[in-house]
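Chain by chain, the residues run as shown.
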Amino acid sequence: MIKQSFNDNRFVYMRILSDEQINEIIQTAMRVLENTGCKILHKGALKALKKAGAIIEDQIVRVPPLLVQESIRSAPKGFSIFNRLGEPCLDLSGTNVYYGTSTASPNTKDALSGEIHPTKVDDIAIGAKVADALESISWVMPFGSSQDVDPLVADIYEFEAVVTNTTKPMAFCGYSPRGVELVFEMAAEVSGGKDKLKEKPFLMSYPEPISPMEYPEDVVEKMILSADWEIPQITSGAGQIGATSPVTLAGSLVQMLSESFMSLVIAQVRKPGAPVFLAANFGMFDMRTGLNSMASAEGSLLQGAMAEIARFFSLPSWGYAGATDSKCLDAQAGIEAAFNMLAQGLAGVNLIHDVGYMDMGMICSAEMLMMGNEVAGMIKRFLGGINTEKEELAYDIIQKVGAGGNYLQEEHTHRHFKKCWYPQLLTRQSYASWEASGAKDLRTKCHEKVKEIIERHSPEPLGEKIRENLANIRLEGEKEILSSKHN
Amino acid sequence: MDLLDSIKEMLVIGDSTKLLDIVKNALATGISADVILNGGLIKGMDIVGEKMGSGEMFIPEVLMSAKAMTYSIDFLKPQLAVGSQLGRGVIVIGTVKGDLHDIGKNLVAMMLESARFDVINLGVDVPPEKFVSAAEDKGAGIICMSALLTTTMPMMKTTIEFIAKSGLRNNVKILIGGASVTEKFASEIGADGYASDAGEAVKLVKQMLA
Chain Y
109 MIKQSFNDNR FVYMRILSDE QINEIIQTAM RVLENTGCKI LHKGALKALK KAGAIIEDQI
169 VRVPPLLVQE SIRSAPKGFS IFNRLGEPCL DLSGTNVYYG TSTASPNTKD ALSGEIHPTK
229 VDDIAIGAKV ADALESISWV MPFGSSQDVD PLVADIYEFE AVVTNTTKPM AFCGYSPRGV
289 ELVFEMAAEV SGGKDKLKEK PFLMSYPEPI SPMEYPEDVV EKMILSADWE IPQITSGAGQ
349 IGATSPVTLA GSLVQMLSES FMSLVIAQVR KPGAPVFLAA NFGMFDMRTG LNSMASAEGS
409 LLQGAMAEIA RFFSLPSWGY AGATDSKCLD AQAGIEAAFN MLAQGLAGVN LIHDVGYMDM
469 GMICSAEMLM MGNEVAGMIK RFLGGINTEK EELAYDIIQK VGAGGNYLQE EHTHRHFKKC
529 WYPQLLTRQS YASWEASGAK DLRTKCHEKV KEIIERHSPE PLGEKIRENL ANIRLEGEKE
589 ILSSKHN
Chain S
226 MDLLDSIKEM LVIGDSTKLL DIVKNALATG ISADVILNGG LIKGMDIVGE KMGSGEMFIP
286 EVLMSAKAMT YSIDFLKPQL AVGSQLGRGV IVIGTVKGDL HDIGKNLVAM MLESARFDVI
346 NLGVDVPPEK FVSAAEDKGA GIICMSALLT TTMPMMKTTI EFIAKSGLRN NVKILIGGAS
406 VTEKFASEIG ADGYASDAGE AVKLVKQMLA
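Residue numbers (the numbering used here), protein chains in the order written: chain Y, 109 to 595; chain S, 226 to 435.
Hints are not guaranteed to be accurate.
[Claimed, not checked] Okay, derived cross-link-like pairs now, EDC-like style, lysine to aspartate or glutamate, Cα gap no bigger than 20 Å in a straight line:
(1) Lys409(S) / Glu223(Y)
(2) Lys322(S) / Glu223(Y)
(3) Lys559(Y) / Asp240(Y)
(4) Lys304(Y) / Asp218(Y)
(5) Lys409(S) / Asp256(Y)
(6) Lys151(Y) / Asp350(S)
(7) Lys593(Y) / Asp230(S)
(8) Lys573(Y) / Glu322(Y)
(9) Lys435(Y) / Glu408(S)
(10) Lys228(Y) / Glu408(S)
(11) Lys593(Y) / Asp350(S)
(12) Lys382(S) / Asp256(Y)
(13) Lys302(S) / Asp350(S)
(14) Lys363(S) / Glu338(S)
(15) Lys409(S) / Glu132(Y)
(16) Lys228(Y) / Glu413(S)
(17) Lys276(S) / Glu413(S)
(18) Lys249(S) / Asp227(S)
(19) Lys322(S) / Asp240(Y)
[As the list claims (entries may be wrong)] To give an idea of the interface, some chain Y residues facing chain S are shown, with a C-beta separation under 7 Å as derived from the structure:
(20) Phe187
(21) Arg286
(22) Thr352
[Claimed, not checked] Far from chain Y, by Cβ distances over 12 Å, these chain S residues were calculated:
(23) Asp230
(24) Ala258
(25) Pro353
(26) Lys390
No lab work stands behind these hints: they were computed from the structure.
Don't be surprised by glycine CBs; every beta carbon is placed ideally from N, CA and C.
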């Protein structure tokens, strides 16, 4: 049984904000939403929000605090995500931490050849298969943004590729509302019906508004669809500090929290009880290059702080880590992945995506994902903390072994030694042994392991009937979308 | 230090008020507005450009310097000789129809303005007709298009085709950019250039309008 999380002794965590700070940020965000508001470019949502008590002027929606509080109240607290087989997988509550893959990159570092090329649907299938075999990667996203199909049908191709190659829970961005709807239909097919999907969701959606505070029509449409289907949604803008959100960290928390509140309100007004995260992405706008760093210390600090605020409301939180700005799997990649994954793990961020990202999110790399899995394993052991039950305190064994003895042959050692974390890829050999076995660096080992998984791993297959039905939905959906495009 | 050097120095510092003081001072000592512009302000902005390229100056500082320069140039305008070259060329820029993302595009626009190009920023969700009419009206040498989403990248192709149909294609260079955009895509759809970040965009524009 693959251990997907360490729930046992979650005392190992860090605090970033004081209670007073959390309160100040919440109050300020409420004021922003009340006085500045958000721009919502969806007629239906504007009507519904007005009816619910929001003040609308020229597509600017200002939300009174009472409506925000009602939405917080009606949103489900601490919900579960299942896998494709209907087994409970992710307990999105408290400080439970789950690492997931990166997504949406225009390029892929080929899992076998290492060549960097535009992402293909096939790369996404391979990414899912690799993730399926990784012990410490708990959930997935389509491993790239496929460039070899029409973008309007990419949703259905990518969902099919992922769900065929892994049983793990999945989140996806979605390119178009109709695409998203078709994905939901495909997911219902896999679950055995819309109600079963609702009861045991293995899918999460990710509609992304434009920071600061702008909600395009198609984004709101995706939110509405998700609420109607009760698919958990991670509605999160991506503020780049200093560019699309304030450069001061507290200011960014305020703005992004007000956006998260707005998302919450839109979903709850549409359907009270629709599962939603209190999510945000904090990007680091590098003032030298004008590009968005995916690996900054500020990013993790902010994701962690936001998670604390989400926890305050008992809503699930979101983060990104395991990504590197480096263009290859080098020391920078190692530093950035390890630092950010640990930081957000310690902060108790529930769903942490982007393991596998390279080149500031422009590339998804199976090798990077492999290395990230190793890091995640190490972190999970660390977060698992120290157990002080009687057996663990080991008084009797210490007495038995006594001064000058050793523990190697003890039953106690034999019983418990596997609780320590053993790396699969990081070397602990002697120098001579390491040389004798090929003197391989980590990058080489990651590559070899990826190759092995691709050749030997068999994800649990989908039933033939389901595969057929998915293919049909895809074919019909593609016909429908492409023909309406040309009309 | 002579006054022109002081102007360059203060421009790099980016203090609008203090810069204008030195400019006024320079005028009072008999230095002509044109010499102040060319030997002081423009040379100063070139230094800013170099420092940005070497990583010594950051974007907000560059934008402050550009603001300070504009403040002084607005003051000097009435005193400049007729025919003084202020602009380096006209550029039309926008995010294509269907896409509302604009921070990268706005950064490019700001950096081009800082480098003294006349920038017509059409905003977001810009239909092909608008790109064409703005380019024709203002005599643009370059049209810059941006898109973030893969679903709106095809609109770049549509816009280029429309530009060609309008008979404008030989009069303008077309540059594209955006997170998902690649060099390969740019050449596939017939764009003249592609930039992976704002710095590259400015370099390319300078090359194309030289």
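Hint by hint, where does the structure go against what was stated? Just the numbers, ascending. 2, 4, 7, 8, 13, 15, 17, 19, 20, 21
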